[in-house]
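Using the sequences provided together with the hints, build the complete structure.
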Amino acid sequence: MNEIVYDVFARKDRGDTLVHIGYVDAFDDETAKVYAWKTYDEERWFEMCVVERTAIIPVNRNEGVFANARSAAHG
Amino acid sequence: MSPFTEEELIEKVQSGYMVEGPEDMTEGYRKALRVQLTVQADTELMSAPSYWMAARYAPSTNTQVSAHAIIQDELAHANIAYRLLEDIGESKEKLVYGRQPHEFKHPYGFDQPLDNWADLVVANGFFDRAGITLLSDVYQNTSYAPLKRALVKIDMEETFHLRHGEVWMRRLSKAGGEAKEMVQRSVDWMFPMTIEWFGLPDDLKRHSGQLDYKLKGLTNDQLRQVWMDSTVPLCKELGLDVPAHWDEEKQEYVLDYPFPCQYDASEKRWAFDEGEITWDDVFERWKGRGPMNEIYVESVQRSRMDVRRWLDGKAA
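Protein sequence lines correspond, in order, to chains A and B. Here the first sequence is numbered in our numbering, starting from 1 and rising by one per residue. Here the second sequence is numbered in our numbering, starting from 76 and rising by one per residue.
Derived by calculation from the structure, the hints in this document are not laboratory data. Note that the structure is predicted; figures quoted are calculated from it, not measured. Idealized CB from N, CA, C, for every residue including glycine. Honestly, I wouldn't trust all of these hints.
[To be verified] From the structure, some residues in chain A lie toward chain B, with a derived Cβ separation under 8 Å:
(1) G22
(2) Y23
(3) D25
(4) T39
(5) Y40
(6) E42
(7) E63
(8) G64
(9) V65
In structure tokens form, the structure reads like this:
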């Protein structure tokens, strides 16, 4: 039962900045959406998105969780 | 591989440096953080079956909803803490499903049965207050940035659990009669249980590195005082007896019973009359785990292997 790490981004209100609020482990995009919505239910978010961690492309750091996930997935 | 020696990292975090990931850590820092996060994750996880089995005592559908909302929060908090552990090289799969019940690191209080609605709401009032006390201190002081960010949500939700506990403690206490007696009975076993939860007194505390690495800010005794500073006045206001009082001379709360002392888990009774025991005795009791340990852990782990077998190796 291999789960994938998804990072969760949300903005609280119209006009707010989209911020990284957390992460979920899920089997696919659909379950990631459900887990994110149910896990991070502390606010009535205006907008929430999930993105597979390995899809995040680090721009200026070659270390850290995003770079590590990407290099583990793509070498 | 850390760019710093242990001494350099300690000096840096004490001056406000925030650690962002394993690449910034020394081995000592990683180990201290792993211990802290494991206790946090296991405590959140084991509170879920404990509260879940007690939620059946909820007196209405509305209270069922609030009790289950709390359980949902606790599981989310556990997931977040295990994810933080994965990011420093630990395996959630192994931690949650690969350990024996006695290997979990949650406090002894979550090895005990919650036998009625009063037990559940006092657990929310006392245990969740202990959680907030510990995690607020971590939030204010931690040098580990991913944990600080995660605690914003956790603190918000734990405050709701606490409010739920205190509202119901007030309601039952004000009703008097059997309702108040039930709350008092819960308080009698859970007050010393929570006091013990904060661990060794400072004069006996072994060096853990958590203060050096700025993974927390207050000592065990200070945290115990913070917890009592909210809990004792609340209980007094509700007319509930607690074995502690404010000492004007010392300017701190003082316990009115031998601490630590022995606990009879089957009777849910503290043996105040048998006098003080050693902390080695306490560690032995904790190590033996409480009556619900296996049941709670089994409830979390039981379907994993079955479903994995059904899936026959295919990703679920």
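Minimum Cβ distance from A/T39 to chain B below 8 Å?
-> holds, 4 Å
Under the criterion of a CB-CB separation shorter than 8 Å, is A/G64 in contact with chain B as hinted?
-> holds, 5 Å
Against chain B, run the beta carbon of A/E63 and see if the smallest gap drops under 8 Å.
-> holds, 4 Å
Satisfaction of the A/Y23 interface hint, Cβ to chain B closer than 8 Å | With a closest approach of 5 Å, the A/Y23 hint holds.
Would you check whether A/D25 satisfies its interface hint, that is, whether its CB is within less than 8 Å of any CB in chain B?
-> Where the cut-off is 8 Å and the nearest Cβ of chain B is about 7 Å from A/D25, the hint holds.
Taking 8 Å as the limit, does the beta-carbon of A/E42 come near enough to a beta-carbon in chain B?
-> holds, 5 Å
Are A/V65 and chain B close enough, Cβ to Cβ, to be under 8 Å, as the hint says?
-> holds, 5 Å
Hinted contact A/G22 with chain B - closest CB pair below 8 Å | At about 6 Å, which falls below the 8 Å cut-off, the nearest Cβ of chain B leaves the hint on A/G22 intact, so it holds.
Evaluation of the interface hint that places A/Y40 against chain B, nearest CB under 8 Å | Given a least distance of 7 Å, the restraint on A/Y40 holds.
The structure meets every hint from the earlier list without exception.
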